[in-house]
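> Turn these sequences into a full structure, and let the hints steer you where they fit.
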Amino acid sequence: MDKIDYLNKHIPHRLNLLITYRERFSNLSDSQIENIRDLYRCAKDISIMMVRLLLDEMGIKLPRNAKELNDLKEHEGDVIKMGIIMAINKEDILNHNDKHEIFKVLVAANRAVAHTNEGFINHNVDKMALLKAIDFIEHNIEKNIYHHNSESLMEIMGLPDNNMQRSSLNLNKVL
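Quick note on my numbering: the sequence shown kicks off at 61 and runs consecutively.
Please keep in mind that the hints were generated in silico from the structure rather than gathered at the bench. You may find that some hints are simply not true.
Have a look at the derived ranges for each label pair, beta carbon to beta carbon [stated by the list, open to error]:
#1 N223 - N184: 25 to 35 Å
#2 D131 - H160: 13 to 23 Å
#3 M188 - R97: 14 to 24 Å
#4 D62 - S212: 11 to 21 Å
#5 A126 - P220: 38 to 48 Å
#6 H73 - M142: 32 to 42 Å
#7 S91 - E128: 19 to 29 Å
#8 K63 - R97: 36 to 46 Å
Straight-line alpha carbon distances no greater than 30 Å define the calculated DSS-like cross-link-like pairs of lysine-lysine that follow [as the list claims (entries may be wrong)]:
#9 K150 - K233
#10 K127 - K203
#11 K69 - K127
#12 K127 - K164
#13 K187 - K164
#14 K150 - K127
#15 K69 - K203
#16 K121 - K192
#17 K121 - K63
#18 K192 - K69
#19 K203 - K233
#20 K127 - K159
#21 K63 - K127
#22 K203 - K187
#23 K69 - K121
#24 K69 - K164
#25 K121 - K159
#26 K203 - K63
Virtual Cβ for every residue (Gly too), placed ideally from N, Cα, C.
Structure (structure tokens):
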């Protein structure tokens, strides 16, 4: 994958997976959620997993059963090595007001992708923790990927394949 595909397709696709929960589902009432519980849970779970994937992409990992974040200095993903991403370090999270929420989402994501233990199916990530983690990731994608490459995230997200036309389907009005 070249830099243009990475910036115009790869990251926008993952960013849409990250933010769909916030954009389409976070303002629904409990009864509306119940009507589309399957879609709601899918959107929430994929957002949780995208927090993990995108932090990993930017150089941060929470190893299984770990109590501390790791910088990925030993493996530094190809895109970091190629200079496409300005890596973040664990202090960026540890010094952030929402560090506990981000950590909680990472723990849930690790359990979601690494375990089939039935005790881990229903994670305890509440809406506000996930929304704070989503906002943190989105901000750092803009800063560490797009600004770093002198690109506009808003313009790239407006490209036809990246624009999810969220305004055309407002779930609050449909449900």
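> Provide an ascending list of the numbers of those earlier hints which the structure does not satisfy.
6, 7, 9, 11, 19, 21
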